[in-house]
Amino acid sequence: MKYAVKRTSLTDISGWKNSPCKKAVVLMSGGVDSSAAALLLLRQGYSLAGLTMEITENGANAATESAASVCKELSIPHFSVNISGDFKENVINPFCSSYLCGLTPNPCA
Numbered sequence: 330m331k332y333a334v335k336r337t338s339l340t341d342i343s344g345w346k347n348s349p350c351k352k353a354v355v356l357m358s359g360g361v362d363s364s365a366a367a368l369l370l371l372r373q374g375y376s377l378a379g380l381t382m383e384i385t386e387n388g389a390n391a392a393t394e395s396a397a398s399v400c401k402e403l404s405i406p407h408f409s410v411n412i413s414g415d416f417k418e419n420v421i422n423p424f425c426s427s428y429l430c431g432l433t434p435n436p437c438a
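Using the working numbering, the letters of the sequence shown correspond one by one to residues 330 to 438.
Where hints are given, some of them may not hold.
What the hints assert, rightly or not - Here are the simulated DMTMM-like cross-link-like pairs (lysine to aspartate or glutamate), alpha carbons at most 20 angstroms apart as the crow flies:
#1 Lys417 <-> Glu386
#2 Lys401 <-> Glu386
#3 Lys352 <-> Glu402
#4 Lys417 <-> Glu383
#5 Lys352 <-> Asp362
#6 Lys401 <-> Asp362
Unchecked claim - Here are the in silico distance ranges between beta carbons for each label pair:
#7 Asp415 <-> Ala366: 18 to 26 angstroms
#8 Val354 <-> Glu418: 18 to 26 angstroms
#9 Cys350 <-> Tyr428: 42 to 50 angstroms
#10 Ala353 <-> Pro436: 20 to 28 angstroms
#11 Ala353 <-> Ser427: 31 to 39 angstroms
#12 Val354 <-> Cys437: 32 to 40 angstroms
#13 Ala353 <-> Glu386: 28 to 36 angstroms
#14 Gly431 <-> Leu371: 43 to 51 angstroms
#15 Pro436 <-> Ala391: 18 to 26 angstroms
#16 Leu429 <-> Cys350: 45 to 53 angstroms
#17 Lys401 <-> Lys352: 18 to 26 angstroms
#18 Asn390 <-> Cys430: 27 to 35 angstroms
#19 Ile421 <-> Gly360: 20 to 28 angstroms
#20 Asn387 <-> Asn419: 16 to 24 angstroms
Hints were generated in silico from the structure; no laboratory data involved.
Remember, it's a predicted structure, so these values are computed and weren't measured experimentally.
By construction, the Cβ of each residue, glycine as well, lies at the ideal position given by its N, Cα and C atoms.
Kindly generate the complete structure, drawing on both the sequences and the hints.
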């Protein structure tokens, strides 16, 4: 079953910050770790929003849909932001440049 993915910009999430209770944004991959983190925060009384960052130009993929599904199950809003341009400019391109210079880059360090 496919779930609707709400495309947004980070400024769209800012209205949510006016909630009077404890708030947190959980970066949602749709996997076990982010899902468990969201559940634990809910149990601690946080008002949550799930956020998935899409790093490919193709946009939503199976991970995004899985994250949306988990958020729906937990009854929290899910937002998806495509950061592919920034990711390519700040991670992929420097990685490729370093590799071509004979270095062994670590793009996530």
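A quick look at each hint next to the structure:
About 9 angstroms separates the Cα atoms of lysine 417 and glutamate 386, which keeps this hinted pair within 20 angstroms; it holds. For the given pair, lysine 401 sits about 25 angstroms from glutamate 386 by alpha-carbon distance, which is inconsistent with the 20 angstroms threshold. Proximity of lysine 352 to glutamate 402 is assessed by CA-CA distance (about 19 angstroms); at most 20 angstroms being required, the pair is judged to hold. The hinted pair formed by lysine 417 and glutamate 383 meets the criterion: a straight-line CA distance of about 11 angstroms does not exceed 20 angstroms.
In summary, the hint linking lysine 352 to aspartate 362 is supported, as the alpha carbons are separated by about 19 angstroms, within the 20 angstroms threshold. In summary, the hint linking lysine 401 to aspartate 362 is supported, as the alpha carbons are separated by about 17 angstroms, within the 20 angstroms threshold. Taken as a hint, the range 18 to 26 angstroms holds for the pair aspartate 415 and alanine 366, whose Cβ atoms sit roughly 24 angstroms apart. Valine 354 and glutamate 418 have their C-beta atoms about 23 angstroms apart, which keeps the hinted 18 to 26 angstroms range intact.
The supplied range of 42 to 50 angstroms is met by cysteine 350 and tyrosine 428, whose beta-carbon atoms lie about 46 angstroms from each other. Against the hinted window of 20 to 28 angstroms, the Cβ-Cβ separation of alanine 353 and proline 436 comes to about 27 angstroms, which satisfies the hint. Between alanine 353 and serine 427 the beta carbons are some 35 angstroms apart, a value that agrees with the proposed interval 31 to 39 angstroms. Separation of valine 354 from cysteine 437 is about 20 angstroms and departs from the stated range, judged on CB atoms against 32 to 40 angstroms.
Checked against the given bound of 28 to 36 angstroms, the beta carbons of alanine 353 and glutamate 386, roughly 29 angstroms apart, stay inside it. Between glycine 431 and leucine 371 the CB atoms are about 48 angstroms apart, so this pair conforms to the stated range of 43 to 51 angstroms. The hinted window of 18 to 26 angstroms between proline 436 and alanine 391 holds, with their beta carbons roughly 22 angstroms apart. Here the CB-CB span from leucine 429 to cysteine 350 is close to 50 angstroms, well matched to the stated 45 to 53 angstroms.
Range check, lysine 401 to lysine 352: Cβ separation about 19 angstroms, and the 18 to 26 angstroms hint holds. Evaluation of the 27 to 35 angstroms hint for asparagine 390 and cysteine 430 yields a pass: the beta carbon distance comes to about 31 angstroms. Isoleucine 421 and glycine 360 have their C-beta atoms about 22 angstroms apart, which keeps the hinted 20 to 28 angstroms range intact. For asparagine 387 and asparagine 419, the Cβ-Cβ distance of about 19 angstroms falls inside the hinted range of 16 to 24 angstroms, so the restraint holds.
Hint compliance for this structure: hints 2 and 12 are broken, all remaining hints hold.
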